[in-house]
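Peer 1: One letter stands for each residue in the lines below.
2 protein chains.
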Amino acid sequence: MPSSNILVVEDEDAIREMLKMVLEQAGFSPITAADAEEAQQILAETMPDLILLDWMLPGASGVEWARRLKKEPQYRELPIILLTARGEEEDKVRGLEIGADDYMTKPFSPKELIARIRAVLRRSGKINDLGQITQGDLVLDTEQHRLSIGDKQLEVSPTEFRLMQFFMTHPDKVFNRSQLLDQVWGRSVYIEERTVDVHIRRLRKILSEHGREDLVQTVRGFGYRFSVVESAGAPL
Amino acid sequence: MPSSNILVVEDEDAIREMLKMVLEQAGFSPITAADAEEAQQILAETMPDLILLDWMLPGASGVEWARRLKKEPQYRELPIILLTARGEEEDKVRGLEIGADDYMTKPFSPKELIARIRAVLRRSGKINDLGQITQGDLVLDTEQHRLSIGDKQLEVSPTEFRLMQFFMTHPDKVFNRSQLLDQVWGRSVYIEERTVDVHIRRLRKILSEHGREDLVQTVRGFGYRFSVVESAGAPL
DNA sequence: ATGCCATATTACCTTTTTATGACAAAACGC
DNA sequence: GCGTTTTGTCATAAAAAGGTAATATGGCAT
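Chains as they are written, first to last, in the working numbering: chain A, 1 to 236; chain B, 1 to 236.
None of these hints come from the bench; they were simulated from the model. Worth double-checking, as some hints may not be accurate.
[Said to hold, decoys possible] Straight line, CA to CA, 30 Å or less: simulated DSS-like cross-link-like pairs of lysine-lysine:
no., chain 1, residue 1, chain 2, residue 2
1, B, K70, B, K111
2, A, K70, B, K111
3, B, K152, A, K205
4, B, K205, A, K173
5, B, K152, B, K173
6, B, K20, A, K173
7, B, K111, B, K20
8, B, K20, A, K111
9, A, K71, B, K20
10, B, K111, A, K71
11, A, K111, B, K152
12, A, K70, B, K70
13, B, K152, A, K173
14, B, K111, A, K173
Whole structure, please, built from the sequences with the hints as guidance.
Peer 2: The following block contains the structure:
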């Protein structure tokens, strides 16, 4: 698996270098820029998987640049984590307002930074440029309309495909039956909530035939969750 | 009641439903009311963590109701976010005057709304940036509906989860059984007080299986307290 | 040492929730 | 049209959770 490219936009040399080191250490491939202009040039050449952006930048402010980025369709889905010196709520709200995916206040621990980057990357469902969504060794190809594990094709019905697509683009989050009906079947459909159970079972059956047992998890009293990470309480 | 309860008071059906969906999506548990009266009834039964209140309501105006609320000690600390169609400064000032914690003008983006709600909740010490509640090395994630210690998942039942959530959002404070029943089970439930003991025990059992022994403490004659700090009386 | 009271623990039963299997209607491909 | 697949629903089975009551334990005052 090629490592994720992280575009680091930070004007202070020391911090930029520090970030670069930390990211490399964690197995990412950082590309650095000192200001928005330089970052823009890099963007023209290569599409990173995530941007780490300093809130305060000389010239065009980082936030301003981010706002512009988020208006361009090709960059809309590019996750951005903002870095700021201050931890003021107001900033935070404004940051998230413009579409940042997360927010960190300096000083922060490298550990936390890495954790958040991973979280954001995972949340974004890692859609690659081929229109594929990957979760673990599952690959859902929207263009080909195929779901596969490795090179094995899974035979899924249309509804199962949509359900799977929704799950894979929203991993690790619980949804109740009503939400699933809304999202997968479409709002304004009058369908028994229990029907969701049935489709979940059908999906599970197919997955289990390929040795994937616990991807779709029951959250009793609430609904279901898709997750590629271990769910059970690991034995001590 | 898996996560933070948001009481939504909004008369327009469409907007109310939209808000409900957005909030659910974000992992909150919305409870809706169409007017102040209905909202008042809900308040009598369950204490939400935050109120989203429409400025203009039929009958008793939302603002009027909010003002009354803020006079009652038990509701004083309950955060309120006002929603209004107009963006007039005058309104805003009046809104904040009566004690609203934030203010949003329609139309607003769901993302911004969520960000503000989280900001307000966080200010009141209830939730972190990611929608998680952290106490020591315990992390309760409302979105994922997971409770974990480090990367180990704890298997808890719905009631245990709610109980834990309540404890984690109200650490270091003693609650008697009646209060716990009200808060965790919801007012208007007739349940034996001793039942709380049983659930406390079940929670303790799970926690102790992961080496956390004294998080839920007995306060003889009063009730129980959750605390991650060392209980007094254990000299090194 | 004893009685009392509050909490802890255990066992049991009921209710709630989810999983499953079967079936018929609907949609689809040919 | 006709056979096949897909889909939604129901009835039932299975599992999990919740609540209660009975009992055990422990601290404390007498």
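Peer 1: Please write out, lowest number first, the hints stated earlier that are contradicted by the structure.
Peer 2: 8 and 12
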